[in-house]
Amino acid sequence: CAPLGAAAGEVARPPWRGRGRAAVAAALASGAVVGVARGGPSSEQLGGGAVRCEVLAEPRPQSGCPDDGSFHARLLSDTRRLLASSRSGSLASLSSGEAQESVDGVLRNRGAPELARLLDAVEQLTEMMDRLSAPTASAALPVPPSSEHRGAARAAYLRFLEELEGVEAAVLGPKARPLAETRWWVPLLLRWRYYVCSFFSWGLLSEEAALQAADCLRGLGITGIVDPLAGSGWHASLWQDVGGFAAVAVDVYEQRPVPWVEVQVADARTLDTWGLPAGSLHELLDKWALHLSWPPHSPETVGEELLRRWPGRVVIFLGERGDALMGEEGVTGGQAFNEALEKDWKLVWTSPIPHWPGYADDLNIYQRRPAAAAGRVSRAPTETPEC
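Quick note on my numbering: the sequence shown kicks off at 13 and runs consecutively.
These are calculated hints, taken from the structure and not from any lab test.
Just so you know, these numbers come straight off a predicted model, no measurement behind them.
Cβ coordinates follow ideal geometry from the N, Cα and C atoms, glycine included.
Hints may be right or wrong, so weigh each one.
[What the hints assert, rightly or not] Heads up, simulated SDA-like pairs for lysine to any residue below, C-alpha to C-alpha not over 20 Å straight-line:
1) Lys299 with Leu283
2) Lys299 with Ala258
3) Lys355 with Gly370
[To be verified] What follows is a list of derived Cβ distance ranges for each label pair:
4) Arg189 with Arg230: 34 to 44 Å
5) His294 with Pro186: 48 to 58 Å
6) Ala278 with Pro311: 46 to 56 Å
7) Arg93 with Cys399: 44 to 54 Å
8) Gln276 with Gly123: 45 to 55 Å
9) Pro323 with Glu113: 55 to 65 Å
Take these sequences, add in the hints, and give me the full structure.
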């Protein structure tokens with residue numbers, strides 16, 4: 013059963029208040045950030061990509077967990093335990109009446125219909141994952157779902173994004189509630205985020221954003237996308253099914269409840285052709301884009317290393333770009349990664365995307381600057397139009 017985290021009930025401030033390296037380091041040290049692979053294999057063992065979303069393995073009933081061990085049952089059990097917590101006063105304890113209510117009823121009676129609707133959407137995702145993972149739970153290599161099942165997953169995911177938007181409006185919108193009224197939402201949102209992250213991805217890529225980005229990418233001559241930090245392969249499946257691109261997914265982790273596409277288990281930094289068929293390097297340079305979604309923050313360096321090693325001319329970055337003038341690095345990549353983007357790559361397109369309250373990630377397309385392109389290819393770099 014996935015642990016609640018060392019301090020799941022002791023979050024000192026909501027995730028929508030403050031970011032940056034110092035805040036991230038403090039949260040990691042205290043255990044307040046739920047869903048980060050802490051206490052697992054070292055960075056060296058995982059090829060430098062250790063700071064990734066913790067993987068929910070196949071359902072297995074354990075002591076203190078629901079009898080059926082399903083993802084859905086574990087989600088509700090985790091939520092009820094958090095609602096019942098009174099640690100640090102961040103959550104009110106369940107009353108005797110609430111103890112007999114459904115989780116949905118408790119949330120609505122506490123004046124949080126937005127949370128109730130979001131939980132219902134996350135429940136739908138976990139129930140779907142229980143169905144999709146069941147046939148492959150005993151298989152050595154899980155098989156990606158059919159196109160029909162992926163379509164149903166996109167519909168459920170869209171509903172989740174819509175409900176998440178309602179929650180974000182409640183805490184950050186023009187008519188946001190006072191912080192005192194939403195503070196108790198924090199551990200719940202962190203825990204639900206953990207499930208969504210494990211099943212799909214850290215960054216929330218919508219179909220609308222993927223379609224808009226696809227138009228720009230095709231204008232730049234791109235026909236394929238390499239995702240070297242693919243996780244479950246969810247983003248690769250969106251680029252393939254929604255964007256119409258060829259997609260290659262690579263990730264160092266072996267476990268994933270459901271692989272949305274075939275994911276090559278490897279450290280992409282060691283793959284000479286980035287997972288493409290041998291002899292395709294010329295196509296890689298001209299027709300393929302690198303997709304980096306939520307590369308781990310420093311001290312991890314995998315994002316920066318992948319960016320510097322990439323031989324092509326287009327990069328897609330989904331994450332927080334930070335603000336060097338304000339001393340803000342964001343929660344993805346880190347300062348060295350941001351500096352490499354600024355130095356060698358030119359931003360040609362950007363779009364807002366859905367995100368959990370408090371995060372500022374967006375979707376961006378970069379072209380290699382001409383000066384940086386010199387010496388990277390065997391022929392003179394050519395100019396391509398901006399989006």
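Against the structure, the hints come out as follows:
no.	hint	in the structure
1	Lys299 with Leu283	holds (18 Å)
2	Lys299 with Ala258	holds (10 Å)
3	Lys355 with Gly370	violated (28 Å)
4	Arg189 with Arg230: 34 to 44 Å	holds (42 Å)
5	His294 with Pro186: 48 to 58 Å	holds (51 Å)
6	Ala278 with Pro311: 46 to 56 Å	violated (23 Å)
7	Arg93 with Cys399: 44 to 54 Å	holds (47 Å)
8	Gln276 with Gly123: 45 to 55 Å	holds (47 Å)
9	Pro323 with Glu113: 55 to 65 Å	holds (58 Å)
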